[in-house]
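*Asks:* As a plain string of letters, each chain reads:
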Amino acid sequence: MLAPIKKVKNNYVLLLNRKLYSREIIEKTLKDYPKYFTKVKSAKKSDYLMCKVISHSLYDTLEIGNYLLSLSR
Amino acid sequence: MKNQIIISDFDDETKFASITVNHEVYSLQSIYAAGYAFLDKAYILLDQDRGKRIRVCIFSKTGLELKNLALDFCNELINYAHYFSRVESNSAAIKTIMQRVLFSVNPKFAEEAEEQEIQDLLKELEKEGSGKAKK
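Sequence order for the protein chains is A and B. Mind the numbering: the first sequence is residues 1 to 73 in my numbering, read in order. Mind the numbering: the second sequence is residues 74 to 208 in my numbering, read in order.
The set of hints was computed from the structure by calculation and includes no laboratory data. Remember, it's a predicted structure, so these values are computed and weren't measured experimentally. From the three backbone atoms N, C-alpha and C, an ideal C-beta is built for every residue, glycine too.
Covered stretches of chain B, as calculated for chain A (at least 3 residues, CB under 8 Å):
hint : region
1    : 77 to 90
2    : 104 to 116
3    : 121 to 130
Put together the whole structure using the sequences plus the hints.
*Replies:* Spelled out as structure tokens, the structure:
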């Protein structure tokens, strides 16, 4: 089973489902983690936002996932 | 019935547990709350599968066994589902209690309410008195 996180070269990409993580929460996280959380891309018909995280560490990326969840609550 | 807890490899060193949660049984609110309670023990990512069920991916933070962590998460889900259903069914009682608390915090409201009650009683007495006098 695949996790909604992928390794692309040396960085990680979070695949965020729009129905589970709202746009406001993602935008707030972008503001709060300007160094790590950089590019956000989305396909028109896709339910996912792809967020590239500039870090070699998986745990930095997962920490951002936790921050998103803490804001969603 | 499919397995609802699956342990998978993310890479050579890291494993994660994924739990499939039926959205009709547990509200999104309960899933967020249970996830929030686990933020100190685990990294949580949420996803949705093709059947529109919610998948909770759990990466251990503290080296705790993933299966135990996933089972604890399921217990937490039940805990929050119960909590939110109780809040919903007790909402009328909670509202009444809160109103009483507000009255007791600000005695002015209570005094005004008491005065109004006295005025209403006096009006009722006047009406009764005038009715008897006519007879």
